[in-house]
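Q: Chains A and B, in that order, give the protein sequences. Sequence positions in the first sequence follow the numbering used here and run 1 to 337. Sequence positions in the second sequence follow the numbering used here and run 1 to 337.
Don't take each hint at face value.
To be verified - Residues of chain B clear of chain A, computed beta-carbon distances all greater than 12 Å:
#, residue
1, Pro113
2, Thr200
3, Val294
4, Tyr335
Stated by the list, open to error - No farther apart than 30 Å at their CA atoms in a straight line, the calculated lysine-lysine pairs in the DSSO-like style are these:
#, chain 1, residue 1, chain 2, residue 2
5, B, Lys39, B, Lys4
6, A, Lys321, A, Lys4
7, A, Lys198, A, Lys236
8, A, Lys236, B, Lys236
9, B, Lys236, A, Lys106
10, A, Lys236, B, Lys106
11, B, Lys236, A, Lys143
12, A, Lys87, A, Lys331
13, B, Lys143, A, Lys236
14, A, Lys87, A, Lys236
In short, the hints are calculated from the structure, not lab data. C-beta: ideal position from N, C-alpha, C; glycine also.
Here are the chains, one letter per residue:
There are 2 protein chains.
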Amino acid sequence: MNTKSILLKSRPQGMPTEENFESREERLPPLEEGQVLLKALYISVDPYMRGRMSEGESYVAPYNLNEPIAGGVVAEVVESRHERYSKGAVVLGNLPWQTYSISNGKGLSQLDPHLAPLSYHLGILGMPGLTAYCGLLYIGQPKEGETVVVSGAAGAVGTVVGQIAKLKGCRVVGIAGSDEKIDYLLNDLGFDEGINYKTTQNMREAIAAACPNGVDIYFDNVGGEISDAVYARLNKFARIAICGQIAHYNATSRPTGPRVEPILLTKSALMKGFIVGDYAAHFGEAAQELAAWVKAGKLQYEEHVVEGFDNLPQAFFGLFKGENTGKLFVKVAEYGQ
Amino acid sequence: MNTKSILLKSRPQGMPTEENFESREERLPPLEEGQVLLKALYISVDPYMRGRMSEGESYVAPYNLNEPIAGGVVAEVVESRHERYSKGAVVLGNLPWQTYSISNGKGLSQLDPHLAPLSYHLGILGMPGLTAYCGLLYIGQPKEGETVVVSGAAGAVGTVVGQIAKLKGCRVVGIAGSDEKIDYLLNDLGFDEGINYKTTQNMREAIAAACPNGVDIYFDNVGGEISDAVYARLNKFARIAICGQIAHYNATSRPTGPRVEPILLTKSALMKGFIVGDYAAHFGEAAQELAAWVKAGKLQYEEHVVEGFDNLPQAFFGLFKGENTGKLFVKVAEYGQ
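With the sequences and hints as input, model every part of the structure.
A: As structure tokens, this is what we get:
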């Protein structure tokens, strides 16, 4: 069996480019006992991957050079010498960017292909959905009537954060980078206010106008100057969940800005960074509640599909250009075909 | 009865100077029904007062111009037309910088002059002690074997933080501004390590050396570059209690520096600002436990006394020059004389 792979050829300095990636085709060895042959169906493309492309300590280990990028993948078992997985099973795993790959089954979780579209397991029922759920509920602790601001609001995490906050009775303000995204937040997802940071002259005034009662919870996916503007409106005892800092992922030196500590002090505010894995103990209940909300039509979920394995690098670049609305992934193949 | 007062004449730009204060002598009116005449015994001098000298929003209202500075004062009732306070009683209150003042009794709490030296109620059993106790235990949540770093370690709050952390079985590293202070922390208070930030060339290296297992809790009284150095050594799930930001209190514009959010994200760390009043519900238990520790000799407590009402401004300036070890206050008069 031949497979195509996309490898990390060099570590990006600042914004990643085509030159940092390399495409390769190789022949996979025959399966050994205890292994499965997996065919990639849906490959997730996420901002956190930028961090892993750099050297140095982060919350996940860096990718090795000349090895495939890896991340969340929904795959079909096309051949099995593993007792737990039979041909035709669908699994979610942290897998290489390859059209086909061999796994010993470790870390794979089997999916029910009838529960929801299979790609949902990369999004609303997977990492982004769980991230939104755990960060908002365990750090933000929203109470009815509070004001929640979400940056990166039209992304895979932000859309879920805002909707859960609405379900909890909060006023929800989303910040995103295009009028189309803002329309989507307001008209499809029920956000109360939206701010297009690209066309807004004065973010502080815009946030003040959108949050007449101040900001109780800030769910931050971006960092940088957008956050500075939100901080200026924090209420006493505000909670800030630091989920992503996409504004800085391509920074080549440590970003600077106004210090936040004096504000946290003045407002007795809490700021906490997290990754979804910190809340692994809650995944069971979280996924159940998320699935129930989706089923009941209380949680809208949108996907941004890029077709074709070869377009993985381009899809990844798009993350940093603010091109996608909803969960971004690449469709490699159809299940069962 | 004549009283001397110290008033805020102008708002300091940057570091406060003599010119910002004015001394005045005036005659107090006779007591009305429901009032007490108070004679100041001990007047507290605290960094947070600098914030109140500026205009604009902070966690406490700014002082008015041409009115006396006010703060924690232990005072003796020398005349009373109030049913709850008799002549000779000793009270703690938020009172003006005056040798004598008139109060309607609101907000005063009566002290037991036999429990501990009266000035202790400005310190270990008052605001600084409760601040240390609540910030360390409720935000820091120290666990045995963890490493706790305290900045402003030789101050009224820092000395208590470090000692409580030791009582909880932690490794304690204090940062302070003179070798005398460091000696005091190590030899009198039992800190494990001390760093004199004024003579240390490379704070990051010094913290790395003092914290071989990283930093689990950072109790921050100062902010600025000292904090940046500590952040570089934070462990996963670290907790940072923002208690003071003395490095910035005299700043004339919003201070800038390396952004902390990316570190909080990478380390799943928590940062929380607070003022002692946030934990008012816990004051009872806190004061009881503090008093018991002091009585048992488990908690050392040092005071820095400046003699004479007229020296209040000088004592205040000293706060920003790193001159004091322990709780700073001005002794105005002796009880019962």
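Q: Just want to verify: threonine 200 of chain B was marked as not at the interface with chain A; is every Cβ pair farther apart than 12 Å?
A: 21 Å, holds
Q: Below or equal to 30 Å on CA atoms is what counts here, so check lysine 236 of chain B against lysine 143 of chain A.
A: Roughly 28 Å separates the two Cα atoms, so the pair holds.
Q: Are the Cα positions of lysine 87 of chain A and lysine 331 of chain A separated by 30 Å at most?
A: 20 Å, holds
Q: Decide if the proposed pair is consistent with the structure: lysine 87 of chain A and lysine 236 of chain A, CA atoms, cutoff 30 Å inclusive.
A: This hinted pair is violated, its Cα atoms lying about 56 Å apart.
Q: When you check the alpha-carbon spacing of lysine 236 of chain A and lysine 106 of chain B, does it fall within 30 Å?
A: 25 Å, holds
Q: Keeping to a limit of 30 Å between CA atoms, is the pair of lysine 198 of chain A and lysine 236 of chain A held or broken?
A: Roughly 29 Å between the alpha carbons, so the hint for lysine 198 of chain A and lysine 236 of chain A holds.
Q: Keeping to a limit of 30 Å between CA atoms, is the pair of lysine 143 of chain B and lysine 236 of chain A held or broken?
A: 28 Å, holds
Q: Has the given pair, lysine 39 of chain B with lysine 4 of chain B, been kept, meaning a C-alpha gap of at most 30 Å?
A: 11 Å, holds
Q: Does lysine 106 of chain A lie within 30 Å of lysine 236 of chain B when you go C-alpha to C-alpha?
A: At roughly 25 Å apart (the allowed maximum being 30 Å), lysine 106 of chain A and lysine 236 of chain B satisfy the hint.
Q: Looking at proline 113 of chain B again, its CB stays over 12 Å from all of chain A?
A: 34 Å, holds
Q: Between lysine 321 of chain A and lysine 4 of chain A, is the straight-line Cα distance small enough, at 30 Å or below?
A: This hinted pair holds, its Cα atoms lying about 26 Å apart.
Q: Is lysine 236 of chain A close enough to lysine 236 of chain B, meaning Cα to Cα at most 30 Å?
A: 27 Å, holds
Checked against the numbered hints given earlier, this structure breaks only hint 14.
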